[in-house]
Amino acid sequence: MKGIQEKYIWNQIPLFRVLWPYILGVLIGIFYPFVVPAIASGLALSLIIIFILVFEKARKNWVVLLPVIVVLAGYCIAVLNTEGLNPNHYTQQDLDQTDWIVGTLQTDPIERSRSVKAELRLEHASHMRDTTALLGDVLIYFEKDERLKTLRYGDRLVLNGNLNEISGPKNPGEFDYRRYLKMHQIESQIYVSSGHWRLMEEGGGLRRWISDVQQKFISVLKSNTRSNRELAILSALLIGNKQFLSADQVSAFAGSGAMHVLAVSGLHVGIIFLLVSFLLKPIERIRWGGYLKGLLLLTTLWLYAGITGLSPSVTRAATMFSFIIVANQFGRHTDIYNTLATSALFLLLVNPFLILEVGFQLSYLAVLGIVILYPKIYALWKPKRWILDKVWSISAVSIAAQLATFPLALLYFHQFPNYFLLSNLIVIPAATVIIPLGIALLAFHWVPFLGDWISFLLNKVVHWLDRAMVGIEGLPFAVLNGIDIGAFETVIMYALVICIVTYLVRRRFIWLPMSVLLLCFLEGVNVHEYYQQIGQRSLTIYSIKGADAIDLRRGHTHLFISNFGDVDRENKLSYNVRPSWWQNGLEEPLESSLRPGLYGFEQRQLLVLDETRVDIDCVGAVDWLYISNRTAMHPLEILEKVNAKRVVLSVNLDWKTRRYWLRQLERNNIPHHDMRIAGAFIEEV
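Just so we're aligned: 158 in numbering that gives the first Met the number 0 is position 159 of the sequence shown, and the numbers increase by one with no gaps anywhere.
One should not assume that every hint holds.
[Stated by the list, open to error] Subject to a maximum C-alpha distance of 20 Å in a straight line, what follows is the list of computed DMTMM-like cross-link-like pairs (lysine to aspartate or glutamate):
1. Lys116 to Glu164
2. Lys571 to Glu201
3. Lys571 to Asp483
4. Lys544 to Glu610
5. Lys571 to Glu590
6. Lys116 to Asp211
7. Lys241 to Glu118
8. Lys169 to Asp614
9. Lys169 to Glu569
10. Lys640 to Glu601
11. Lys116 to Asp93
12. Lys640 to Glu590
13. Lys215 to Glu110
14. Lys655 to Glu683
15. Lys116 to Glu145
16. Lys375 to Asp334
17. Lys644 to Asp616
18. Lys221 to Asp465
19. Lys644 to Glu590
20. Lys169 to Asp465
21. Lys169 to Asp567
22. Lys459 to Asp483
23. Lys221 to Asp211
24. Lys169 to Asp673
25. Lys544 to Glu164
26. Lys544 to Asp609
27. Lys544 to Asp465
28. Lys544 to Glu528
29. Lys655 to Glu636
30. Lys143 to Asp175
31. Lys215 to Glu201
32. Lys571 to Glu173
[What the hints assert, rightly or not] Distance windows between CB atoms, simulated:
33. Tyr176 to Gly203: 40 to 46 Å
34. Gln214 to Pro86: 49 to 55 Å
35. Leu65 to Thr149: 52 to 58 Å
36. Thr489 to Trp654: 24 to 30 Å
37. Leu516 to Trp380: 26 to 32 Å
38. Lys640 to Gly481: 39 to 45 Å
39. Arg113 to Val357: 41 to 47 Å
40. Leu635 to Phe476: 51 to 57 Å
Hints were generated in silico from the structure; no laboratory data involved.
The structure presented is a predicted model; accordingly, all values stated were derived computationally and were not measured.
Where is the CB? At the ideal position from N, CA and C, for every residue including glycine.
Start from the sequences and build out the full structure, keeping to the hints where you can.
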């Protein structure tokens, strides 16, 4: 009987069954995007459909062929959306002899420390009198200029600049920004000097209007917040703009497990939905009021989604609520699994590359976890007091979402917030207060007295939220850092979670030994990796602009030598160095300041030279010579006195010095490693 019931439930969610083969087809199409197989897949898809339509037997068994059809469809759609395969894509063109490039800004320019950054949609390039049609997005970096403050989304520019390849990670374990951009179909960048660009035409249309509205909202928030910290949280929480968040705020919210509240998602859209539904309730009394209310709700939700940047999480939520609104207007029952699958399928049909977005993956997993697990977890305890019931309800939601997302979060972020339950008990109620107050501020900021009171209350709530997250992150053992797992371990962890949850829900004994088996297998993988790392000995010289850092590694212990300053030390460690430590299972290091001179390691010698004059007359032979900066001695003098097996040139050498060193090393047939080209130097000892 239970099997029949399960089959019935499975039949009630047909789109959920279609989604998985479609995702498989999309992933194959993204990672193996070949035009000929895509054409062949399209032909095969057509033949299968014709076969089903023509032959009666095939029509009866079409369900067997359905997964094949959907996989082929997903593959074709992914390949068709891969711009790099288009003959007009800039990667397919020779643009070395280009005088001018014309393109349209796809984002508002964002000011950085040394430049202004934006995304540009290329249209065409010209050389002499020849014009070449172009397709594709690139990153564009402008030299700082007062004129840039007037540029906005949708503006058409003509500029002079060269397309350059985006460099990959320079250090082991470092975030691969090139791969991240490639997944967004951005494969090149342009640097444009001041005076080498001009505005051809100002942008317009709905997207430009939405961009103008967002800028207006930011202006209102700037004039109604007490400090940059309140502005940063409000702009992120209300309109999805994170450019004002400081590094310590990001660290506090991420470390406390509350970063999701700063990413506009289902929580925010749900609050907007309930608020607007309440305000529009009187409309239901008039003729066609229900349809008008539905139309206004849809318009409001998608305007809000547009203003907040159409991130994967907000588009997921807006799409789901849209299907619910439409279904309610026609009196149709909506199944949450079908709604979830329909929204995912719709978004992936529009943009198959969304499947690679971390926000898209975590958003859907979190909702799926809440839908499946929340009722089971909440049913474990029935508190009698109202306040305890609300606390337990929020806790159950947090646990359900965390169970569904933590393996993927570990894969991407390498940390786990131990106090996520405590932080969610604060941020979820705070968000339900901040969002309505924020909307009220944006609407009534111009009203004397009322606007001031709303601003005062909003600043107080945001200030205490900020302090609470900083306080939680500062608690002992707040964050479990340095967790490095691969895709295979992530899959095993999800299988383990599914087995444990299924055992607890269904109480079938078979799931318990399966859970134990998976746990033992996962631990076996970790033990194998641990003992592999014990025997490793290596020297690593990191490629870091403006600084030098060296790791002398013996098993899980290591000596870290650097000349990091106090100001940017933590940023350099977090971005350039710690990922390598986590990848290799290293403990916190012994540390020392880097000075020029001779270092011994595992019966080998490393000589470090910079602008400081060092006596090298008695050095003789060394295994490695590291030139960290322009040296006090002439390169020829150094090469005469030091017999180096390998010379490592720092990324911080100026162009002239680097070129001279390379010429001398090649002339003398001395093995060398140029960190500007090859990145960090790593050698097993």
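The hints, checked one at a time:
{"no.": "1", "hint": "Lys116 to Glu164", "result": "16 Å, holds"}
{"no.": "2", "hint": "Lys571 to Glu201", "result": "39 Å, violated"}
{"no.": "3", "hint": "Lys571 to Asp483", "result": "19 Å, holds"}
{"no.": "4", "hint": "Lys544 to Glu610", "result": "16 Å, holds"}
{"no.": "5", "hint": "Lys571 to Glu590", "result": "15 Å, holds"}
{"no.": "6", "hint": "Lys116 to Asp211", "result": "18 Å, holds"}
{"no.": "7", "hint": "Lys241 to Glu118", "result": "17 Å, holds"}
{"no.": "8", "hint": "Lys169 to Asp614", "result": "32 Å, violated"}
{"no.": "9", "hint": "Lys169 to Glu569", "result": "18 Å, holds"}
{"no.": "10", "hint": "Lys640 to Glu601", "result": "23 Å, violated"}
{"no.": "11", "hint": "Lys116 to Asp93", "result": "24 Å, violated"}
{"no.": "12", "hint": "Lys640 to Glu590", "result": "30 Å, violated"}
{"no.": "13", "hint": "Lys215 to Glu110", "result": "18 Å, holds"}
{"no.": "14", "hint": "Lys655 to Glu683", "result": "31 Å, violated"}
{"no.": "15", "hint": "Lys116 to Glu145", "result": "14 Å, holds"}
{"no.": "16", "hint": "Lys375 to Asp334", "result": "18 Å, holds"}
{"no.": "17", "hint": "Lys644 to Asp616", "result": "17 Å, holds"}
{"no.": "18", "hint": "Lys221 to Asp465", "result": "17 Å, holds"}
{"no.": "19", "hint": "Lys644 to Glu590", "result": "26 Å, violated"}
{"no.": "20", "hint": "Lys169 to Asp465", "result": "34 Å, violated"}
{"no.": "21", "hint": "Lys169 to Asp567", "result": "18 Å, holds"}
{"no.": "22", "hint": "Lys459 to Asp483", "result": "39 Å, violated"}
{"no.": "23", "hint": "Lys221 to Asp211", "result": "15 Å, holds"}
{"no.": "24", "hint": "Lys169 to Asp673", "result": "11 Å, holds"}
{"no.": "25", "hint": "Lys544 to Glu164", "result": "19 Å, holds"}
{"no.": "26", "hint": "Lys544 to Asp609", "result": "15 Å, holds"}
{"no.": "27", "hint": "Lys544 to Asp465", "result": "32 Å, violated"}
{"no.": "28", "hint": "Lys544 to Glu528", "result": "32 Å, violated"}
{"no.": "29", "hint": "Lys655 to Glu636", "result": "18 Å, holds"}
{"no.": "30", "hint": "Lys143 to Asp175", "result": "26 Å, violated"}
{"no.": "31", "hint": "Lys215 to Glu201", "result": "18 Å, holds"}
{"no.": "32", "hint": "Lys571 to Glu173", "result": "11 Å, holds"}
{"no.": "33", "hint": "Tyr176 to Gly203: 40 to 46 Å", "result": "32 Å, violated"}
{"no.": "34", "hint": "Gln214 to Pro86: 49 to 55 Å", "result": "37 Å, violated"}
{"no.": "35", "hint": "Leu65 to Thr149: 52 to 58 Å", "result": "54 Å, holds"}
{"no.": "36", "hint": "Thr489 to Trp654: 24 to 30 Å", "result": "43 Å, violated"}
{"no.": "37", "hint": "Leu516 to Trp380: 26 to 32 Å", "result": "30 Å, holds"}
{"no.": "38", "hint": "Lys640 to Gly481: 39 to 45 Å", "result": "42 Å, holds"}
{"no.": "39", "hint": "Arg113 to Val357: 41 to 47 Å", "result": "27 Å, violated"}
{"no.": "40", "hint": "Leu635 to Phe476: 51 to 57 Å", "result": "55 Å, holds"}
In summary, the numbered hints that this structure violates are 2, 8, 10, 11, 12, 14, 19, 20, 22, 27, 28, 30, 33, 34, 36 and 39.
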